[in-house]
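Asker: Protein chains in written order, with the numbering used here: chain A, 23 to 135; chain B, 9 to 155.
Worth flagging that the hints you see were computed from the coordinates, not collected in a lab. Glycine included, C-beta positions come from ideal geometry on N, C-alpha and C. No incorrect hints appear here.
Now the stretches of chain B that chain A is said to cover, found in silico as 3 or more residues with beta-carbon under 8 Å:
#, segment
1, 16-27
2, 54-66
3, 118-127
Sample of chain B residues at the chain A side, in silico, Cβ under 10 Å:
#, residue
4, D45
5, P105
6, T108
7, E113
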Amino acid sequence: MQLELEREGGTLTALLIGELDHHAASDIRRRIDTAVLSCRCNHLRLDLSRLSFMDSSGIGLIMGRYRLMTSMGGRLTVENAGDRLERMIRLAGLDRLPVWNETQERNDACETH
Amino acid sequence: MKPINEMKMTFLSRSANEGFARAAVAAFAAQLDPAVDELADLRTAVSEAVTNAIVHAYPDRLGPVTLTVKLYENGCVSVQVRDRGTGIPDVARAMEPLYTTGGEERSGLGFSVMQSFTDRLRVRSAPGKGTAVTMEKYIAPRVKGRV
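Only chain B is shown next, with the shape it has when bound in the complex (with noise of 0.2 Å):
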């Protein structure tokens, strides 16, 4: 299935730079005229995926993180997070709810509430190429047809 419309965009991974992450993609997704809370659950699963690469993929540098997020007829919407940094050991592990390497202020929740708040999560990753993230969300259709 070809996507409706993407976009792609590629920032420094500074902190600062969650919040533009899930608004930019919030502001995209805009087209599939979500519901209020399709959207927030949307820029909360984001805003995981894009604290994970900062805090987790360059730890001590900045580095690229690429989003690309397509739209397609049925209401899907795709985001993928992606950066080149450290990669995971071991991503089943990762998954788990509560896990953390972030030490103590983290909640170990990113991969749970990314899988909560969407319909599919895939995670690619190898160590010292960097890791993928990729989620999928059904936007419902509120009426007839889509742009």
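With the rest of the complex left out, here is chain A (with noise of 0.2 Å):
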């Protein structure tokens, strides 16, 4: 699998490219990592649209991911999560985490009305 990273100010993308299980997330995990900690940047954006293939690895890169940047006092975001990621985001509990870019958009709309 493939990673595109891309700084601009404070804030880092993550493009993933492929298919993201456990045998790829480990080395994926470590290079978002050190980007993040080398650009010092508050805001990481993981963009899920060119990925392939994703289980529940992926739920788990997601979760650290969101650690390390909260606890940094910074901000995670995903973007283009596919059906099936939501479907597991469900399983975990997870929906109403300030992380899902469209997701969050829809419960800020379904609760204003």
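Make one complex out of these two single chains by using the hints.
Answerer: Have a look at this one:
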């Protein structure tokens, strides 16, 4: 699997490409964490739009990066979660976590009506 | 009910085989003409079961993981993932959502995903002897009849 990292101001975007499983996760995790710590970014964006596969290892990766960013006073957002990831997010009871870009907007809209 | 086709393969519990295992099951199950979503569910569930065997059954050594896939005329795919590893002392507890012994980068969702993404899940385990996880998924017919 491939990882493309792009920094813009205090935001680091990680574009994940290919199949994210337990085998790929440890290398991806190490590379993202190294980049976050060296650029001192306060916002990490995980862009999942180009993942062709993801199992629950991806949830572990997201939770670990959420802990890392919040421990540094920063934030994490997850962009373009697919159908299967959304089901796993609900299974984990994580749908109220303020990281899911689209999900969060939908919740906000419901709550204001 | 007898399967119309069956395959069995054994591989070492190397994490590089996670992708191989789910690709092999998907390629074999393609004979039932599944929809893209059905196949993606199956690949995800297989990946969870194989990852469990690799992470938990053989924590400090490599061992064999055997995958048996059977296809049935009614569209059922049965996948068994079997190891000869440490076994699970308390299967009910291991199947609880978010329960994990795999450290904080593991979500504890493996069995929940298998359960949610397939139609039936059975787990048999004996400490010191290994674990067999069997999943069944029905593939809806899209055209008249099957091969």
